[in-house]
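2 protein chains.
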Amino acid sequence: MVEYRPEVLDRVFAAVADPTRRAILAALAEKPATIGAIAEPFPVSLNAISKHVMVLERAGLIRREIVGREHRCRFKPAPLREASAWLEHYRRFWDVRLDALERHILAKKQRKNDG
Amino acid sequence: MVEYRPEVLDRVFAAVADPTRRAILAALAEKPATIGAIAEPFPVSLNAISKHVMVLERAGLIRREIVGREHRCRFKPAPLREASAWLEHYRRFWDVRLDALERHILAKKQRKNDG
Numbered sequence: 001m002v003e004y005r006p007e008v009l010d011r012v013f014a015a016v017a018d019p020t021r022r023a024i025l026a027a028l029a030e031k032p033a034t035i036g037a038i039a040e041p042f043p044v045s046l047n048a049i050s051k052h053v054m055v056l057e058r059a060g061l062i063r064r065e066i067v068g069r070e071h072r073c074r075f076k077p078a079p080l081r082e083a084s085a086w087l088e089h090y091r092r093f094w095d096v097r098l099d100a101l102e103r104h105i106l107a108k109k110q111r112k113n114d115g
Numbered sequence: 001m002v003e004y005r006p007e008v009l010d011r012v013f014a015a016v017a018d019p020t021r022r023a024i025l026a027a028l029a030e031k032p033a034t035i036g037a038i039a040e041p042f043p044v045s046l047n048a049i050s051k052h053v054m055v056l057e058r059a060g061l062i063r064r065e066i067v068g069r070e071h072r073c074r075f076k077p078a079p080l081r082e083a084s085a086w087l088e089h090y091r092r093f094w095d096v097r098l099d100a101l102e103r104h105i106l107a108k109k110q111r112k113n114d115g
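Protein chains in written order, with this note's numbering: chain A, 1 to 115; chain B, 1 to 115.
Please keep in mind that the hints were generated in silico from the structure rather than gathered at the bench.
Be a bit skeptical, because a hint or two may be false.
Intra- or inter-copy, both count: the list cannot distinguish identical chains.
[What the hints assert, rightly or not] No more than 25 Å apart at the CA atoms, straight line, and that leaves these computed lysine to any residue pairs for SDA-like:
hint : residue 1 : residue 2
1    : Lys108    : Asp95
2    : Lys112    : Gly68
3    : Lys31     : Ser50
4    : Lys31     : Tyr4
Computed from a predicted model, the values in this text were never measured in an experiment.
Let the sequences and hints guide you as you build the complete structure.
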């Protein structure tokens, strides 16, 4: 069993629980961008986008590079690995149960056919 | 590309962004339980646990069955599939980039050896 760090899971899941923040990540996954360029397609203030970027930064999903007067943001997917592993563990857990149920039903059917 | 439903991702990610809610899901993944039994190991009020259960219920991760005076809760992992697919898409996206980078470096090395 993987050792999950609660604070990493808390921050990553909270960060991706917002549609604007997911859209920002999707854009940055294509290419790095300045805060201004990130904000452009969104009908909200630059300040609101700046706050979303800070949440993503604290979750470790964005790295900000300051070049002169520009803040350039880059997508850092590493923390997604732990969050993804947690979700997969519980998703798969269920698949295993369904498999067991299927085997149980098939075995029952077999016994019925044999009997 | 999978079609992600923003409201499902919002609710599931927000639901699992809390350590108590993740612990509740982990317990219910083992076996269904009443709200009272769920609350027992936690040093918080039954009311607080009840609120956490409601958040999980709204995210579709728990189904509540009312049998007489008992509220029995059951883990429903189906919504995790969509959330997991979203995370995996961005996690893998990065692996693809790393592979491309590795190929680029190897090709460069090869050209150097050939030259």
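Hints and how they fare:
With identical chains, the CA atoms of lysine 108 and aspartate 95 are at most 25 Å apart within one copy only, with a shortest distance of 20 Å there and 44 Å across copies. In this assembly of identical chains, the alpha carbons of lysine 112 and glycine 68 never lie at most 25 Å apart, being 77 Å within a copy and 35 Å across copies at closest. Taking the closest pair of Cα atoms, lysine 31 and serine 50 come within 25 Å of each other only inside a single copy of the chain (18 Å); across copies the shortest separation is 43 Å, beyond that limit. Taking identical chains as interchangeable, the C-alpha atoms of lysine 31 and tyrosine 4 lie at most 25 Å apart only when they sit on different chains, with a minimum of 21 Å there against 29 Å within one chain.
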